[in-house]
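Visitor: Spelled out, the chains give:
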Amino acid sequence: MSGFFAMGGYAWYVWMSYGAAAVAVIVEILALRLRRRHAFDTARMAQDADAAGPATRPLADLRSNG
Amino acid sequence: MSEATTTAAAPDAASVSAAFGWALARDLRIALRSKAELGVQLMFYVIVVSLFPLATSPSREVLATLGPGVLWTAALLASLLSLPRLFSADFSDGTLEQIALSPRPLPALVSGKMAAHWLTTGLPVAVLAPVLGGQYAMDGTELGILAAALLLGTPILSLLGAIGAALTLGARGGGSLLALLVLPLYAPVLIFGAGAVDALRAGMSAGPQLSLLAAGLLLALVAAPFAVATAVRIALD
Amino acid sequence: MIVNWFRYSSPVSFYPLAGRLSRAFGVLAAGFTIAGLYIGLVVAPTDATQGDAYRIIFLHVPTAWMAMLIYLAMAFWSALALGFNTRLSAMMAQALAPTGALMAALALWSGAFWGRPTWGTYWAWDARMTSTLILLFLYLGVIALRSAIDDPRRADRACALLSLVGAVNVPIIYFSVQWWNTLHQGSSISFTSAPKMAMTMVEGLLVMTAGVWSYCIAVTLARVRSIIVERERGSGWVASLIARQGAR
Numbered sequence: 000m001s002g003f004f005a006m007g008g009y010a011w012y013v014w015m016s017y018g019a020a021a022v023a024v025i026v027e028i029l030a031l032r033l034r035r036r037h038a039f040d041t042a043r044m045a046q047d048a049d050a051a052g053p054a055t056r057p058l059a060d061l062r063s064n065g
Numbered sequence: 000m001s002e003a004t005t006t007a008a009a010p011d012a013a014s015v016s017a018a019f020g021w022a023l024a025r026d027l028r029i030a031l032r033s034k035a036e037l038g039v040q041l042m043f044y045v046i047v048v049s050l051f052p053l054a055t056s057p058s059r060e061v062l063a064t065l066g067p068g069v070l071w072t073a074a075l076l077a078s079l080l081s082l083p084r085l086f087s088a089d090f091s092d093g094t095l096e097q098i099a100l101s102p103r104p105l106p107a108l109v110s111g112k113m114a115a116h117w118l119t120t121g122l123p124v125a126v127l128a129p130v131l132g133g134q135y136a137m138d139g140t141e142l143g144i145l146a147a148a149l150l151l152g153t154p155i156l157s158l159l160g161a162i163g164a165a166l167t168l169g170a171r172g173g174g175s176l177l178a179l180l181v182l183p184l185y186a187p188v189l190i191f192g193a194g195a196v197d198a199l200r201a202g203m204s205a206g207p208q209l210s211l212l213a214a215g216l217l218l219a220l221v222a223a224p225f226a227v228a229t230a231v232r233i234a235l236d
Numbered sequence: 000m001i002v003n004w005f006r007y008s009s010p011v012s013f014y015p016l017a018g019r020l021s022r023a024f025g026v027l028a029a030g031f032t033i034a035g036l037y038i039g040l041v042v043a044p045t046d047a048t049q050g051d052a053y054r055i056i057f058l059h060v061p062t063a064w065m066a067m068l069i070y071l072a073m074a075f076w077s078a079l080a081l082g083f084n085t086r087l088s089a090m091m092a093q094a095l096a097p098t099g100a101l102m103a104a105l106a107l108w109s110g111a112f113w114g115r116p117t118w119g120t121y122w123a124w125d126a127r128m129t130s131t132l133i134l135l136f137l138y139l140g141v142i143a144l145r146s147a148i149d150d151p152r153r154a155d156r157a158c159a160l161l162s163l164v165g166a167v168n169v170p171i172i173y174f175s176v177q178w179w180n181t182l183h184q185g186s187s188i189s190f191t192s193a194p195k196m197a198m199t200m201v202e203g204l205l206v207m208t209a210g211v212w213s214y215c216i217a218v219t220l221a222r223v224r225s226i227i228v229e230r231e232r233g234s235g236w237v238a239s240l241i242a243r244q245g246a247r
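Chains as they are written, first to last, in numbering that gives the first Met the number 0: chain R, 0 to 65; chain H, 0 to 236; chain E, 0 to 247.
Calculated from the structure, these hints are not laboratory results. We put the beta carbon where it would ideally sit given N, CA and C, even for glycine. One should not assume that every hint holds.
[What the hints assert, rightly or not] If you only want the chain E side, here are some residues facing chain R, beta carbon under 8 Å, derived:
| no. | residue |
| --- | --- |
| 1 | T45 |
| 2 | I55 |
| 3 | V60 |
| 4 | L105 |
| 5 | F112 |
| 6 | W113 |
| 7 | A221 |
| 8 | R222 |
| 9 | V228 |
| 10 | R232 |
| 11 | A238 |
| 12 | I241 |
[Unchecked claim] What follows is a list of derived Cβ distance ranges for each label pair:
| no. | chain 1 | residue 1 | chain 2 | residue 2 | range |
| --- | --- | --- | --- | --- | --- |
| 13 | H | L41 | R | A21 | 20 to 30 Å |
| 14 | H | L53 | E | T85 | 48 to 58 Å |
| 15 | H | G172 | E | G30 | 41 to 51 Å |
| 16 | H | R171 | R | D47 | 40 to 50 Å |
| 17 | E | S234 | R | G8 | 50 to 60 Å |
| 18 | H | S49 | R | M15 | 53 to 63 Å |
| 19 | H | R171 | E | S9 | 47 to 57 Å |
| 20 | H | G174 | E | S9 | 50 to 60 Å |
So here's chain R without its partners, still in its complex pose (with noise of 0.2 Å):
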């Protein structure tokens, strides 16, 4: 086993390119997951806003401004 991790002297670099291909990928899965998140988010916030009709108006203008 010891022998594997050791890659005939060559770990540093072969851990390095798997390693990082790991990292970025769950990195990448990670981010996937949060933008998912957020798109639902914002869009149940403007489908309240747009809900609750006139009375919260102002905020959504507030919202479009900035």
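Since the structure of chain R is provided, determine the placement of chains H and E on it from the hints.
Guide: Chains H and E alone, transformed into the frame defined by chain R:
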């Protein structure tokens, strides 16, 4: 009806050259009105070229190796620096919209603007480069090849750069965004342009590099006007 | 067949399909990658000249291929977006760019770590490495242009045009870099001098390629779903989607 659409789709040669000439004359007149600005751009080129020996070494071997690359890289930067001038003033004061709405063919109009850009930036650089090449231990033939390569290559820079300049109209982060979009596309021009002198030094003919530059120029001349016209229309939407 | 195509060209009907496909390709990606890593890192024999360092190619080659392939796919969707003004194809192009950039970055990174034990340097201005670097710049340019334009429809068309201009340039860039490389390099150090591969190595490479390919499809489709929700947030079907999600 069908006749009207044909004329709109394929304008005749006279109206194309009229539109080209009008845009060229207008942009040249505007550029020559601010001669100081043009002078500053040329000074930028001269100064960048003169900084490299200070950063490396005054030895003739080092300078001879660096020379073509430095003169070309500086030409790229000088072209990049002047690109915003192509459209941004016309875009912000609404002239570009008027131009796009006019019945004149837009690809011909933007071609006139690109030609004016090259005449005021690329051409002076190509003329100046052989003088500056003297600083880099280059001999007569090499200087001639350098000038020829720049004469073929700098129009490509103006044509490709105009696409980036039109795409970034109204976008945030103007200058540095433009550099990110345009500089990677400049890479082949740089390779063949600087390679022409290198080939000569290696005892080979610079013919292949110059032919490839000429082929690239033809391709850019055919395709870029339409790409720029599309980009301008996108920016005006 | 044609009817099906047009049916899925609208975001409403594409959204659930993309979800199912994304999950399916995610499972495929996991399966292929685990199998490919097992073959590449455990089963395949140690190379006679490069030792175990050659095992990096099981990551490097698939990511380099995908970096190029994704640019072609992005240009294809861009052409559709610009030619037919279809919203979904522009969204596909937008969803592909980050994954393409990631693939190019991983190809460069793994190439550097393969180059160090093989060539004795992390960066050698090898023709393929250099063109992959320029490809990465092209991806970053498209992503930067997208984020610099506020109006999404304008950004769609501007990015589509830039992607197409880039696609015309990519073969020229590859050719010019190749040319430059052969002119300046006496000793040829490139991936063509790679070792003669045993059959298991080829197998590992193919399985890993299938894995990386599936991963890219899964991730792109997941991203395009988020983009659809971001863009269509005002529409009724997104509202009912949210309502259903809230009930779950």
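Visitor: For each hint, tell me whether it holds in the structure or not.
Guide: Evaluated hints:
1. T45: Constraint on E:T45 satisfied, holds at 6 Å.
2. I55: holds (5 Å)
3. V60: violated (12 Å)
4. L105: holds (6 Å)
5. F112: holds (4 Å)
6. W113: holds (7 Å)
7. A221: holds (5 Å)
8. R222: holds (6 Å)
9. V228: holds (4 Å)
10. R232: holds (4 Å)
11. A238: Holds, about 5 Å.
12. I241: Because about 5 Å separates E:I241 from the closest Cβ in chain R, which is inside the 8 Å limit, the hint holds.
13. H:L41 to R:A21: 20 to 30 Å: Given range 20 to 30 Å: violated, Cβ gap about 52 Å.
14. H:L53 to E:T85: 48 to 58 Å: holds (54 Å)
15. H:G172 to E:G30: 41 to 51 Å: holds (42 Å)
16. H:R171 to R:D47: 40 to 50 Å: Taking Cβ atoms as reference, H:R171 and R:D47 lie about 30 Å apart, which means the hint is violated.
17. E:S234 to R:G8: 50 to 60 Å: holds (59 Å)
18. H:S49 to R:M15: 53 to 63 Å: Distance hint for H:S49, R:M15 is violated at roughly 42 Å.
19. H:R171 to E:S9: 47 to 57 Å: For H:R171 and E:S9 the Cβ distance comes to about 31 Å; the hint is violated.
20. H:G174 to E:S9: 50 to 60 Å: For H:G174 and E:S9 the Cβ distance comes to about 39 Å; the hint is violated.
The structure fails hints 3, 13, 16, 18, 19, 20 (numbered hints given earlier, in ascending order).
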